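Model the full structure from these sequences, guided by the hints.
Number of protein chains: 2
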Amino acid sequence: MSTSAPTAGATATVVFQPDGKRISVKTGLSLLEAAKKAGVGIRSECGGLGICGKCRIVALTKSGLSPLMEIEKEHLTKHDMKAGYRLACCSRVMDDVTVSIPEESRLETRKILVKGLEKHISLDPTVHKIHVTVPHPVISDVRADLERVLDQLGGLSAQLEIDLNLLQQLPRTLREAGWDITLTIWNGQRIIAVESGNTTNRVYGIAVDIGTSKIIGYLIDLTTGKLVNVESLENPQIIHGEDIISRISSTMRNQEKLEELGKLAVEGVNRVIHETCEKASIKPRDAYEMTVVGNTAMHHIFLGIQPKYLALSPYVPVIRRSINLRAKELGVDINPTGNIHVLPVIAGFVGADAVADVLATGIYEAEGLCLLLDIGTNTEVIVGNKDDILTCSCASGPAFEGVHIKHGIKAVSGAIERIRIDPRSYEVTYKTVNGKKPIGLCGSAVVDALAEMLKAQIIDWRGKFNEKIDTPRVRRVKGLTEFLIASKDETGTGEDITMTQEDIREVQLAKAAIYTGCAILMKRKKIVEDAIEKVVLAGAFGNYLNPVSSKIIGLIPDVSTKKIKFVGNAAGSGARMALLSRGMRETAQAISRRARYLELATDPDFKTEFASAMYLPHRNLNRFQSAKSVSK
Amino acid sequence: MSTSAPTAGATATVVFQPDGKRISVKTGLSLLEAAKKAGVGIRSECGGLGICGKCRIVALTKSGLSPLMEIEKEHLTKHDMKAGYRLACCSRVMDDVTVSIPEESRLETRKILVKGLEKHISLDPTVHKIHVTVPHPVISDVRADLERVLDQLGGLSAQLEIDLNLLQQLPRTLREAGWDITLTIWNGQRIIAVESGNTTNRVYGIAVDIGTSKIIGYLIDLTTGKLVNVESLENPQIIHGEDIISRISSTMRNQEKLEELGKLAVEGVNRVIHETCEKASIKPRDAYEMTVVGNTAMHHIFLGIQPKYLALSPYVPVIRRSINLRAKELGVDINPTGNIHVLPVIAGFVGADAVADVLATGIYEAEGLCLLLDIGTNTEVIVGNKDDILTCSCASGPAFEGVHIKHGIKAVSGAIERIRIDPRSYEVTYKTVNGKKPIGLCGSAVVDALAEMLKAQIIDWRGKFNEKIDTPRVRRVKGLTEFLIASKDETGTGEDITMTQEDIREVQLAKAAIYTGCAILMKRKKIVEDAIEKVVLAGAFGNYLNPVSSKIIGLIPDVSTKKIKFVGNAAGSGARMALLSRGMRETAQAISRRARYLELATDPDFKTEFASAMYLPHRNLNRFQSAKSVSK
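Taken in sequence, the protein lines are chains A and B. In terms of this note's numbering, the first sequence opens at residue 1 and continues consecutively. In terms of this note's numbering, the second sequence opens at residue 1 and continues consecutively.
Do not rely on the hints blindly, as some may be mistaken.
Below, in silico cross-link-like pairs of lysine-lysine (BS3-like), each with a Cα-Cα straight-line distance of 30 Å or less [unchecked claim]:
| no. | chain 1 | residue 1 | chain 2 | residue 2 |
| --- | --- | --- | --- | --- |
| 1 | A | 26 | B | 62 |
| 2 | B | 488 | B | 455 |
| 3 | B | 26 | A | 73 |
| 4 | A | 82 | B | 26 |
| 5 | A | 523 | A | 607 |
| 6 | A | 328 | B | 257 |
| 7 | A | 488 | A | 410 |
Covered stretches of chain A (in silico footprint by chain B; criterion: 3 or more residues with CB under 8 Å from a CB of chain B, positions within the stretch not fixed) [claimed, not checked]:
| no. | region |
| --- | --- |
| 8 | 130-139 |
| 9 | 165-171 |
| 10 | 292-306 |
| 11 | 316-322 |
| 12 | 590-602 |
Treat the hints as calculated values from the structure; they're not laboratory data. A quick note: this is a predicted structure, and the numbers were derived from the prediction, not measured. No residue lacks a Cβ here, since even glycine has one placed at the ideal position from N, Cα and C.
Written out as structure tokens, the structure is:
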């Protein structure tokens, strides 16, 4: 059902006390909306319809707000009105104004655990439930079912929209429920469920991170903001290729492949929904909202959008901004009229996961410059703070996921995850996942291996084996030099685990790609390492990485180790924040709009930078002061 | 994609010159919207997005509008700005203000032919097309497809929503079209089509009147407002009963019946769409908007909403207000992303057709009181003017459609439509449809017959045959008295055509039902016949009725014949107005909200009034001064 056409207007400044936060907004905007934009949490349980009366504020300046409305008088006493109390949802900003938010109107904030960081955000989900008892129709009151329900809500509820399928069910639901129902309202603008009796204690949401390898689901109680359950599953698209490019290629051949991949993504998401809900004894129908993050390719495929132009120069996505969809439109198994909010992307290879990373880590509001790396087959690199966000994507390849490394494996049980090499005896000590017998090298071990070999001068700064070294661990097999890490009598596979000259080359290519991204962004930002206040490593791999080894091989810029933070799945945390808070969605949208994208492949410095970064740690050792003693 | 939650605010008065029309609106509203509300036509080809620059107005008061926006400067010269020119879509009303609308910004008005009345309305459809040439993506410009298109529109287009299916097709459409496309925008808020090349000359809409018996479709060119073609078909639901109640009853037995009836309604509408388009060589895809009117039962069934509570006391509808739907949601064969606008209803038996009647006849804005009758199996009676609209529904039954009348038929070829009886010789003269041999009596003839028999004192004011009358035309057949209208040697059926005592009783019941509605509404409005300035007869039957005969038998109140207007299918005209003008939709909504509904069956005066109205013309002859000489 229609709303008026959009229009634009003048601006005014609102100051929120006692914090003193200020924001410039278009006149005509409600204080509630203005507060949300300013990141100031004001309570509201009706989505701004003047129904709940919880958004009480005090006007501190005489003018600047629209006059008192009739519906406000239902919630305010004469004493309140004299004292300047207003409802934030009913007060429009007409001119510069200062308001105070009393304690009782402040939104409780929820702690979101982003590993290594901590964010407090206001609980302000898009979904609210309202329990209403509706008078039966009688001959002296023959209002239509829908208008009868809406009249009961009061306030501005006549503007609420409703989907046809709910309208079709409405007469039966109302009568079967004996006119005692609970309405679920989305974003103060649409009725998305009509349920029998009082179900206000059941309001759930799910945040989903669709990764190339894994799909993770976070089930959240939207009445408290608490995390109820987390589950993760392998992305079933994996049968069409481990990496993004091979999946995109498969869709380019025919349209059905795109549909098949899309269906697999939705199936995967549905499996995650069912598992997270089932284990918590919650019905998926009681989840009314889902937020989704993922790289741009996963984002497009999930939405049934052809991703092929992501893989063809100039690599443009089809849509950047966020999208809201009905769950049933995509076949997602939350409440069918529930909403799917897909976060915005930045560019063809900087996706909604990167936006969520920035959101979760708070880079967008940081004073000091941060460098964020989300390492994967494609590594997103972001340099920025509150003033500017510059992004790029590096084709780092799957070496750190164990692919193209002779004994490379994922971080499964028995994977070697840490390695030390004695620089005198060349003896190797290592640590495996779960302490099992070693069966291969995971990404962090590969990085350690290179760093330790470099320190022990087993390899030189070009990554070549030192021919003068004298240890049986360095040997030639079938014309290829390799270093023995674990011999077959100690491994779980009965085979030697080694690192070959070719493996070293793969790691060099991967780390050069990532470092080149960092270096070029820093160059474009005209900064050096010292200007970076924090290096944030996001993603599963980042979590296991040894920061010292990383610096020794030149994977990341040479910053003080204590500046390095590991934040785990920040993309998932960002998706959760967007689920809990409408303001966070607007922030995500603003991040996507503000962020600049740099295409590395066509940067004039790319080739030189990449060639220099192939060295361990780098051809220009001035950039790696801390590694100077180790290398060359 | 979401918009902000609704809020409310202060009000201000806008005066539009040179007409001097004034309206009080909420501050923050754009002048374009305010003009629409005031019924003042301002041109706009972009739906208020600041794109087209056609909505130029001149501010005559210094303050009262929001400050000049950047996008306005794209359309206004320095000279314009000095002279006070603004774009109406970009100027928000902040305080009382007077503006002038120059000639070039005035909407052309279109004449809508409502038979016997004439309405001029401003052409302001919801659908607009914009042709854009979009720059190709290159490595130095990697904006996403959607944002690239929206950026090209400028203005406020970033707020435009788009459906998922269009988004899915967007990359292919853009590239196949060589980035030269036409966007169709609905109500300035949603992209509903993306087409290759320039298709701005093809914008059609269809207005549909779903009657119990017939479905009528009006195909309209929305670029000019001109009627291109009209077609009507029998409502295929007729296989489930001729009247509404039997169709509702069939849905009460099982849900599948409801779905079947709904499907039949949609199929009927689709056949009308295809026929109207085909004969005009227009593709149904090029119709982007459809407006629908119908009685409340047809309205519910078309929307797949259970109509059973319309037939059960207290006869409440499920929804009153208007609805906008995607064509594909209902399976309607206009452009699948196109919009279906279903007009609002008033009550269980006063439907969207009655709202359209009021809209088309202009009763809602009339100074003097009007009495509107839309005669059918259910007859809607409406008394009102600009200050108040009071409605009721009368169970008049199908007598005027020929049902339950021994020789009753519809107004087909050969139906007797006019009758005169010589009061001395009792000879009958008649007129048939198309001058064919008579085959039966249609509704208007039945009314004539009663009036003429009354005048000739063949029957008395109780409807009984006068036993003293001496003519072979009055005879007893099988114990029942009847009057011979046409003998078998002159008819096309080879049988006598007569009017029996039972027929007379049926007509008395029907006319009593209708008159009772009129009488009770007048009583509740505390008015007598003289207060009525106009009696409007709408609907197919009304068109053929002899007003004098109608007054003689007391079917309608006794007003001067020159006050009686026949308006034909006013409901269809109302649907066309809503298709041509967004303002008319708001008016329809306001009519539905304002109109009061009176339940006749439970009115304390109903029984007495009905019993009195069974007399010809009425027990109380003071109400029928003009018939006094005829009756008793």
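Outcome of the hint check:
no.	hint	verdict
1	A:26 to B:62	holds (20 Å)
2	B:488 to B:455	holds (25 Å)
3	B:26 to A:73	holds (18 Å)
4	A:82 to B:26	holds (24 Å)
5	A:523 to A:607	holds (14 Å)
6	A:328 to B:257	holds (25 Å)
7	A:488 to A:410	holds (20 Å)
8	130-139	holds (count 3)
9	165-171	holds (count 4)
10	292-306	holds (count 4)
11	316-322	holds (count 7)
12	590-602	holds (count 3)
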